[in-house]
Amino acid sequence: MELRLRNIKTAFFNIKDLHIASGERLLIKGPSGTGKTTLLHLLAGLYLPSSGEVLWDKTDISTLSENQVSHFRKSKMSLIFQNLNLLPYLTALENIELGGASGQLAQEKLNQVGLAEKSVARTQSLSLGEQQRVAVARSLAQSQEVLLADEPTSSLDDVNAEQVTNLLFNGSSKQSIIMVSHDHRVEKFFTRIVDMKEIMA
Amino acid sequence: MNLFRLSFLYLKRHLFTTVVTILSLGIAIAAVTVLMKLEVLSHSRFDTLANQGNAIVGAKSGGIDILLGALNFEGDIPNYVPQNLYETLKAKKEISFEDQTKFKDGFSITHITPILVFGKYKGFTLVGTDESLLNLTPSENAPQLDKGSFPQNPGEVLVGASFPSAEAVEVGSNIYVHANIHGSTVSSSAFPLKVVGILKPTGKAWDQGLYTNLATAQTAIAVTPGYSSIWGPKVLSYFLLNIEIGGEDSFASLINQRTVAQIAFIEKEKSRLQDLTGSNQSLQLLIVGILLALSTLTVLAVFFTRIEARTMELAVLRALGYSRRDLTRLLFIEGIWIGAISIALAAIVELILSPFILKTVGSTLPLVTSTNFPPWMIAVTGACALVAIILASLPPVWKLYRQDIHTTLRNI
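Quick note, the sequences are listed as chains A and B, same order.
Count the first sequence with the working numbering and you get residues 1 to 201, in order.
Count the second sequence with the working numbering and you get residues 1 to 412, in order.
It should be emphasised that the hints constitute simulated quantities derived from the structure, not laboratory data.
All C-beta atoms, glycine included, are put in the ideal place defined by N, C-alpha and C.
Heads up, a few of these hints could be off.
[As the list claims (entries may be wrong)] To be clear about the criterion: a stretch of chain B counts as covered by chain A if any three or more of its residues have a C-beta under 8 Å from a C-beta of chain A, and this derived list gives those stretches: (1) 155–165; (2) 316–328; (3) 399–410.
[Said to hold, decoys possible] Negatives, chain B to chain A, calculated, CB over 10 Å: (4) L6; (5) N72; (6) E244; (7) M312; (8) I336; (9) P375.
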């Protein structure tokens, strides 16, 4: 799936043109407060610009209804949030199922991130690193054309960071991965690394 | 994960809040239902109250008690008045007292019917009377024979229109009844009554009566354990009268001041009852209104609080691809879960609470029957409560539609 931002104006930044080809692995870097998370939300259709076009496969999402955007996002994108955003009253397994995965697939992905024993634990009882791995497992289970990840390894030690990044990049080569991260350990996985300053008009 | 499971998990994992919400809603719905039942019952008596004659004579008690006892068969077995008084008035004889006072003129009785209430049978009232019952005035809604005849012989009974269908009897059937007397809970042994006639439907309390002749009724009370009266078995509970206009004061003075009986003028007592019920109804409606308002506000507050606490959750779900429509469904499903369980709880609470409250109100209300409080009214109440609870989900949904996901997800 191809993504494009054109002539974007927001309260935080302006972008003249950002094109992300299908299957591209793009790392977005930049100091805090420059709008990296907002950029991911813009690409996911969670935030609408004051003006400009957000194109998903050449379709301007402003022409789609809210239901169509939601449906499109559900069927094409998976997201890992900066704040992890797991539902605290659900177990690790149920949080993965929330993304649409079956119980079996959810357990499989949980096993892959090394949390097989934690499937019935409520996420509020997990450590930050474990929660991060549950969030990663949820996106793995969704296995969509586009993965938007916001600092997915920030709370992980070297071993887990390596393991999780490997899992994220083990998917289909057609999957586009757009990641916001300060973590130098993940840079080697990307085909393009850009700084927010370069993107901003 | 489907929305039913998600909503169920949310309610289950927030058990304390869910239980408190359901308890408060359930009790509120039950209270509203009980008050509504009281309101319906107090209103229904005006529909079933017989409208024959213009006065009733009964033992000394409240005029409203006499009215409701005689014309709506409400309350316990009433106290007795001597049959002699009835006979004298019926014969239009001069009435003489020990102090030599005599009454004859000043009033004219055009109709008189004796009533002796002597028991209850499955919600139907056993009444001893005579054939004048079939000639009450005005004739509209007055008892009229449909089949058979008035019971002339001992052990015969004429049944009200509701009885044959309720008890599957017909002319020729036997029923076994017990007699009861005033002021006692002891019943006589069972004795048979043979159905010899059926009345046409009147839509009034007459449909709920089983009528035998006076001799049968008086014999039955005479053999009931504990019965004792200075008049022997020759007693009545009431007699229904039609007095010519102009003679009421003179007649009332005679009955109330010189006899053991008391007269109740039907229109006057009806009017008093309506005033009393009217003010009670206003109070009940006010309480129902306050309760409904409180319940609605509670539900709204609960739903708003829930959605306030769930802004992040709902934003995450939106980001995961759940549309606003999906989340609206989710909130409605939760509303239905809460509503359905609350209504089930309300039904149980109402079943427990209702008899106590009706007992506290006492004999001033008619018994609950499927006629005066049909089951569909409970179903309608439940449905209304469910709709109200679901509608209470709407304002939170409006809030959901205005949610800024980007800001929420960034925890700003």
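Indices of hints not satisfied (ascending) = 1, 4, 7
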